[in-house]
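Number of protein chains: 2
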Amino acid sequence: MEHLIERTLKTNEIFKGKVIDLEVQEVELPNGKTSSREIVKHPGAVAILPITNEGKIILVRQYRKALGKTIVEIPAGKLEKGEDPLDSARRELEEETGYKTSKLDFLLSFYTSPGFADELIHLYITDKLEKGKTNMDDDEFLDILEVSLEEAEQMVKDQTIHDAKTAYAILYLRMKASQSL
Amino acid sequence: MEHLIERTLKTNEIFKGKVIDLEVQEVELPNGKTSSREIVKHPGAVAILPITNEGKIILVRQYRKALGKTIVEIPAGKLEKGEDPLDSARRELEEETGYKTSKLDFLLSFYTSPGFADELIHLYITDKLEKGKTNMDDDEFLDILEVSLEEAEQMVKDQTIHDAKTAYAILYLRMKASQSL
Numbered sequence: 001m002e003h004l005i006e007r008t009l010k011t012n013e014i015f016k017g018k019v020i021d022l023e024v025q026e027v028e029l030p031n032g033k034t035s036s037r038e039i040v041k042h043p044g045a046v047a048i049l050p051i052t053n054e055g056k057i058i059l060v061r062q063y064r065k066a067l068g069k070t071i072v073e074i075p076a077g078k079l080e081k082g083e084d085p086l087d088s089a090r091r092e093l094e095e096e097t098g099y100k101t102s103k104l105d106f107l108l109s110f111y112t113s114p115g116f117a118d119e120l121i122h123l124y125i126t127d128k129l130e131k132g133k134t135n136m137d138d139d140e141f142l143d144i145l146e147v148s149l150e151e152a153e154q155m156v157k158d159q160t161i162h163d164a165k166t167a168y169a170i171l172y173l174r175m176k177a178s179q180s181l
Numbered sequence: 001m002e003h004l005i006e007r008t009l010k011t012n013e014i015f016k017g018k019v020i021d022l023e024v025q026e027v028e029l030p031n032g033k034t035s036s037r038e039i040v041k042h043p044g045a046v047a048i049l050p051i052t053n054e055g056k057i058i059l060v061r062q063y064r065k066a067l068g069k070t071i072v073e074i075p076a077g078k079l080e081k082g083e084d085p086l087d088s089a090r091r092e093l094e095e096e097t098g099y100k101t102s103k104l105d106f107l108l109s110f111y112t113s114p115g116f117a118d119e120l121i122h123l124y125i126t127d128k129l130e131k132g133k134t135n136m137d138d139d140e141f142l143d144i145l146e147v148s149l150e151e152a153e154q155m156v157k158d159q160t161i162h163d164a165k166t167a168y169a170i171l172y173l174r175m176k177a178s179q180s181l
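Sequence lines, in order, name chains A and B.
So for the first sequence, full-length UniProt numbering puts the first residue at 1; every next one is plus one.
So for the second sequence, full-length UniProt numbering puts the first residue at 1; every next one is plus one.
Where hints are given, some of them may not hold.
Identical chains share a label here; the pair holds if one copy fits it or two copies do between them.
The calculated BS3-like cross-link candidates involving lysine-lysine, where the alpha carbons are at most 27 Å apart (straight line), are [what the hints assert, rightly or not]:
no., residue 1, residue 2
1, Lys69, Lys33
2, Lys103, Lys157
3, Lys103, Lys81
4, Lys10, Lys157
5, Lys100, Lys16
6, Lys18, Lys56
7, Lys10, Lys100
8, Lys176, Lys33
9, Lys176, Lys69
10, Lys18, Lys81
11, Lys41, Lys100
12, Lys78, Lys131
13, Lys100, Lys56
14, Lys16, Lys128
15, Lys33, Lys81
16, Lys100, Lys131
17, Lys33, Lys56
18, Lys33, Lys18
19, Lys33, Lys78
Don't read these hints as lab results, they were simulated from the structure.
Predicted, not measured: the structure shown is a model, and the values here were computed from it.
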């Protein structure tokens, strides 16, 4: 893929935040010309598809300040510094839904916005949940929903679910379910 | 959803770029405490699922500076100022793949990174393609791939496709295809 690579000439650090950093890179394009790239650095995140004993998917409704509204998502959260994604997934599941688990299976990982950010989300699934109690972050407030796979699929179709990672996870689960029939 | 809302107390504009802007908002949480939110403003984007006369999906392999590597995606690009998403989709399709179309159907829209960015992607589909010629942006370089739906699905499963919007679009197409059987 050598013919597609952009070489960094200079990196300007613009901002270091508590969640993201921002830098602007001057790059040399494959044709020798130069351009600039605005790049958001993100620590990475985990998301979890939690399935109850009754076969329901647990979703959370959360206010997202970036959007100025609430949206429905699977439980998710950013990686803490040096944290193993599996530990992070277990922690986020318990914090957001109140469920504990001793069995989390890794499904896949994906980039969310490769045009401007390096965020990589690791997706886990579990169908072994034990009821604990919610223990949200100081700055986290959310409602919990439990829906069947058919209901979740309908929420993707009618755009009640408007979040890429959540829709992807539900359609992935549906593909797996249809293949095991 | 009143009990989940975060009220903005102050907005600090950090950066205005050619693609994204960055601001930090001080917010009042539902419990009355304050916190800060780092928010990336994005103009929004379009993505296209182009299907050839032979039933192949057109994908592009592109170097993404944010990731430091090439990844496989459906054709996509950001909205120009004041541009209608449908016009943008037609333009991006032709620029990136060389195909023109007079028929683009809107499928759905989704947020990519609601935790820190407002990017909303509008997804279109077309199976009416006419061969034109590629006309990429000055700073855009990519390779074109044509794959069957089965091959695309396999690329999602084996993580050759590592991009959320692309995997979501392919699994959505698969769901629709399986329902019309």
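Results of checking the hints against the structure:
no.: 1; hint: Lys69 with Lys33; verdict: between (41 Å within a copy, 19 Å between copies)
no.: 2; hint: Lys103 with Lys157; verdict: between (30 Å within a copy, 21 Å between copies)
no.: 3; hint: Lys103 with Lys81; verdict: within (23 Å within a copy, 47 Å between copies)
no.: 4; hint: Lys10 with Lys157; verdict: neither (44 Å within a copy, 37 Å between copies)
no.: 5; hint: Lys100 with Lys16; verdict: neither (33 Å within a copy, 42 Å between copies)
no.: 6; hint: Lys18 with Lys56; verdict: neither (34 Å within a copy, 44 Å between copies)
no.: 7; hint: Lys10 with Lys100; verdict: neither (46 Å within a copy, 37 Å between copies)
no.: 8; hint: Lys176 with Lys33; verdict: neither (46 Å within a copy, 43 Å between copies)
no.: 9; hint: Lys176 with Lys69; verdict: neither (32 Å within a copy, 29 Å between copies)
no.: 10; hint: Lys18 with Lys81; verdict: within (11 Å within a copy, 30 Å between copies)
no.: 11; hint: Lys41 with Lys100; verdict: neither (30 Å within a copy, 35 Å between copies)
no.: 12; hint: Lys78 with Lys131; verdict: within (23 Å within a copy, 43 Å between copies)
no.: 13; hint: Lys100 with Lys56; verdict: within (16 Å within a copy, 44 Å between copies)
no.: 14; hint: Lys16 with Lys128; verdict: neither (39 Å within a copy, 46 Å between copies)
no.: 15; hint: Lys33 with Lys81; verdict: between (37 Å within a copy, 25 Å between copies)
no.: 16; hint: Lys100 with Lys131; verdict: within (6 Å within a copy, 54 Å between copies)
no.: 17; hint: Lys33 with Lys56; verdict: neither (53 Å within a copy, 34 Å between copies)
no.: 18; hint: Lys33 with Lys18; verdict: between (35 Å within a copy, 17 Å between copies)
no.: 19; hint: Lys33 with Lys78; verdict: between (36 Å within a copy, 21 Å between copies)
When each numbered hint is compared with the structure, violations occur for hints 4, 5, 6, 7, 8, 9, 11, 14, 17.
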